[in-house]
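Student: Based on the sequences and whatever the hints tell you, model everything.
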Amino acid sequence: MNRIPLSLLALAICVCASHVIVAGELDPQQDAWHAKYKGQANAPLPEEMLLNTDPEPDLSKGFTSLFNGKDLSGWTPKGGTCKFTVKDGILVGQVVPGSNSTYLSTERDDFEDFIFTCDMKWEESCNSGVMFRAQSKPGKNGTETVFGPQAEMEGFSQDRHWSGGIYGQSCGGYFYPLWLKEHKEARAATKEDIWNRVTISAQGNVVKTWINGVPAAHWIDDGSYRKGFFGLQVHKGAKGTVLWKNIRVKELANKPAASPKTSASKRPNVLFILADDLGWSDTTLFGTTKLYQTPNIERLAKRGMTFTRAYSSSPLCSPTRASVLTGLSPARHGITSPTCHLPKVVLEPKETAKGPPSKFSTVPESVTRLDPKYYTLAEMFQDNGYATGHFGKWHLGSEPYSPLEHGFDVDLPHHPGPGPAGSYVAPWKFKDFDHDPMIPDEHLEDRMAKEAVRFLEQHAHEPFFLNYWMFSVHAPFDAKKELIEEYRDRVDANDPQRCPTYAAMIESMDDAIGTLLDTLDRLEIADETIIVFASDNGGNMYNEVDGTTATSNAPLRGGKATMYEGGVRGPAIVVQPGVVEAGSRSDAIIQSIDFYPTLLEMLSINAQPNQMFDGVSIVPVLLGGELQREAIFTYFPHDPPVPNWIPPSVSVHQGDWKLIRIFHGGQNGSHRYKLFNLKNDLGERTNLAAKHPERVQQLDKLIEQHLVETNAVRPLVNPRFDPARYNLAAEGKGVLKRTGSTPKKTKPRVHRKPVAGWLPGGTCDLSVSNNVLRAESTGGDPHLSFSLPEVVKASPMTFTVEMQSNSSGSGQIFWKEIGLPYNAARSQVFDVTHDGNVHTYSIQLSPNGPVQGVRIDPSNGPGQMEIRQMHLLNGNGDTIQEWTFADTVR
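FYI, the numbering for the sequence shown is -23 to -1, 1 to 867, going by mature numbering (1 follows the signal peptide of the UniProt record, and there is no 0).
Since the hints were made in silico from the structure, they are not lab data.
Check each hint, because a few of them may be wrong.
In silico lysine-lysine, DSS-like type, Cα no more than 27 Å apart, as pairs [claimed, not checked]:
1. K427 to K730
2. K321 to K406
3. K213 to K64
4. K327 to K350
5. K60 to K47
Computed spacing ranges between beta-carbons, pair by pair [stated by the list, open to error]:
6. E439 to G632: 41 to 49 Å
7. S772 to E328: 50 to 58 Å
8. E25 to E603: 22 to 30 Å
9. P773 to H438: 21 to 29 Å
We treat Cβ as the ideally placed atom computed from N, Cα and C, and that holds for glycine.
Tutor: Right, dumping it as C-alpha cells:
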C-alpha cells in the first residue's frame, strides 16, 4: 500500500534484519522517474528506504522445482490471454497484442516464507516480472485480476533499469523503486542476451531481492501480503518473448516480524465510535456532571489522548457525518441540514431567492444525500484491504447512498432515518432488523454492540475498520426501565442535569463502549487497534424530557442546533497504544474534518491524487507536539427555532477568539457579528464585537476566505424582509419540544412475543394449536423470522415448508447473513397454492456468507396459513434445523 509506519519499520528491523542501512539520496539520473512515480500510493520517501546489503542466499540445497520442464502442470494463466508454452525444457511466454498482462500462476496459493529463484532472459524485449505472495479477484468480462507484490524484470526497452525493484501490481504502484544512488550497481546487473538470475527472499514482513547475485531491494511489507501464489508475468504490449528456467523455491519455517499479540504482522485496525448528540458535559471527562456515569469512556481516555477543545463540523448530525467521511467542510460538500432521510434527492446545494417577511436572509437548500463522487474514509479502507463494517446510525441517504454504496462491506441495521426506528427498547420498527425473541425488552445499543462483537471476532486476524456510529443519545428518549428508576432516585432538582431517562441512556451508551473495549482485550488486539471517539454535535437542550431539558451543556451556552459552544463542542479521544501517550490531554483545537487526514498519516497511506481536505492531520499533537493551523470554521446557514438559536451564520475559532457572522443581520443587509473570548468567557455571555472592531475585521477575512475556497452556497438578502416583522429581542428564544417520558396519552406498547421460536412481523399474528403453527394475516406483509441457535457456514441449502393457505400471492424465504439485514437480494421467491389444502414447498437457498437466521413470508395478502413443519437442510440433505409444533404456545 504505502510507506510503513516508523514504529512498524523499527520492529521489523529488530526482529528480521541482519544488516540494516537506511538510504537517503536520490540519484540525479533518476530525477525524471522519481517525478513520475513519487505520487503513487506506495511510493517511499528516499530517506526512509532501506538498503539490501546481504549476500545472495545459498541456492545449492533444500530447493524444490516448480517447473517439470515438460508441460504447464501445476500452473494456470490468469489475467489475460498471452501465450505460455514449453520448448526444449524452457518455459516460453509470448505477448499477444490486445491481451491484458498475463500471469502464469502456481495452482498452489499458500506460499508464505521462502527463497525463490529462477533464470530469465528475453528473445524479444518486453516488461516482465515474478509475482510472489500474489492474490487474485474477479475482474471484468470474466477475467481474474492479479494483485500483490512483484519483483520487476523490465527488459531493455527503457532507461529506468529497475529490474529487482518491487512493484505493487494493481495495488498502488512501486513499493521499492531502484532510484537511489546506492542502487546503481543493481540497475546495471541485468544483461541482455544471457540468462539472468532473480532471487527473492521473503521472511515475515521483510522482502529482499538479488539480480545475478547483486543486492537490489529491501522492502518491509505492512502485513497485507503474507501468503499467496507465484506468477510469471508477460506484460501487455505489442510484442515480446521472455524465457524462464530453473524455477525453484525453498520454503522456510515461518518467522513473523512480531508475535501474534503485536501489530507488525498487519496494519493497525481502526475503531471509530461516533456518539449522537453527546454534549461536552455529558461525560465524566471534564468534571461537569454529578449525575451521569461513564466509566468506560474514562477507561478509554486512560488509553489515549483526550481533547478538551474538540468541535463538530456542524451543530447538527448529517453535516458532521458527511465531514467525517470526506474530510470536507459542510460549506464544501453541501450537506448543511439533517434532511438526508427525506424523499427528495438533492446533490447540489441551491440558493433560495426569497423567504418569509420575518427573516432578513434566505436559507439555502441543503444537499440531502452523500454524493458518490466523494472518496470516503470507508472506501479508502476498503481499497487498502480492510474489512469494513458500519453499525448504527447513518442518516446520509438510503440506497443508492447507503453505507453499502460508500465503502462498507456490512451495514446494520441498514436504517436511513435520523434516530432509532420507534424506540431503543424492543420491539423496534426497523424494516429488516428484529430484536432477539429471547430478550423481549432488548436494548438497541446492547444489540448493536453484540453485532459489532461478531464483526470483531470474524475479522480479528485481518485489518478492519469498524465504524460504530451509535444511535445514543438521540431522540426518542427512552431507556431501560430499571435504569430510569435508579437515576430517578439520584436526581438533584438543583442540578442543571436532572433528567433520569437521559442519564439511563448515557449509561447504556457507555456500556456498549465497554463491550467493545472488553472484546478488543479478549481477542488480544487492543494493542494493534486505533480508536477514535467523538460526538456529531452538542447535547440536546430543546427537548423536554421528564419535565426538564434532556441535558445541560453548562458551563457552555446553547446546545444542538445552535452556533454557541454547546452546539458544536464535544468530547473526543484518540487511542493508539505505544504511539499516543496514555492518559494524556490536549487543548489543541480539532474538528471532525481532521479525522480522515489524521488516519491517513497514522497508517502511512497516501491520499488519492487530487484529493483535497479541509481538515488537517492532528498527528503532531498525538505525538506530543503542537498543531500548526490558522483556524477552524463552522458553516450553518439555518435557523431552527430552538433555545439560543441564531439566524443563518458561520463562525471561526482562532486561538481564544470566536467570531460568529450572522448573514445580513445588520443594517441595510450588512452582516452582524458576535465576538467572544472563550478563555475569559466560556459561556459566551459578553459580545466584544463593538469593543474589538479590528479583531472582527481580521477574523471576518478568514471567514470570507473559507467561504470562497469552499465555494459555499450562501444565504442571500431576503427581498421580502419587513423589519417591522422581526423582533430582535426574540432572537434566541425557543420553545421546548415535549417528548420522552413526560406524561401524555400514548398508545401502550405491544410486545410481540415469539411463538415456537418464531417472531411474528408485519401484519402477522402467530399461535399454535392442533400441532400446527397458525399465521393470521390482516394485510399485505405477513412474515415470521427465526434466529438460528448456531451460525451456519455458507453453502447451498434447502428450506422445506409443509402448509395450507387461503391467503393470496407468492411466498418468499429470506436468509440472514452475519452483519447484513434481511434483504430481497438474499431471498428466494416461491409460488404458493392458496386452495386450503396441504402442500409441500422446497426452496433452494444460496448464501454467500455465514447464516444466522431465516425468515418466511408465507404470502403477501390477508388470510390464514397453517404450517405443519419446516426444515432447513444442507447441500447433502442433512437437517440443520427442524420445526414441528406441539399445542403448547411458547
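Student: Taking the hints in turn, state whether each one holds.
Tutor: Here is how each hint holds up against the structure:
1. Annotation: proposed proximity of K427 to K730 holds, straight-line Cα distance about 21 Å (limit 27 Å).
2. Between K321 and K406 the CA atoms are separated by roughly 22 Å; this keeps the pair inside 27 Å, and the hint holds.
3. The hinted pair formed by K213 and K64 meets the criterion: a straight-line CA distance of about 22 Å does not exceed 27 Å.
4. A hinted pair counts as satisfied when its Cα atoms are at most 27 Å apart, and K327 with K350 qualifies at roughly 18 Å.
5. Restraint check for K60 and K47: the C-alpha separation of about 16 Å stays at or below 27 Å, so the hint holds.
6. For the pair E439 and G632, the supplied restraint of 41 to 49 Å holds, since their beta-carbon distance comes to about 43 Å.
7. Look at S772 against E328: about 56 Å separates their beta carbons, and that is inside 50 to 58 Å.
8. Checking the proposed 22 to 30 Å range against E25 and E603 shows it holds: the Cβ atoms sit about 23 Å from each other.
9. Hint check: P773 to H438, Cβ distance near 27 Å, so the stated range 21 to 29 Å holds.
In summary, the structure agrees with every hint in the numbered list given earlier.
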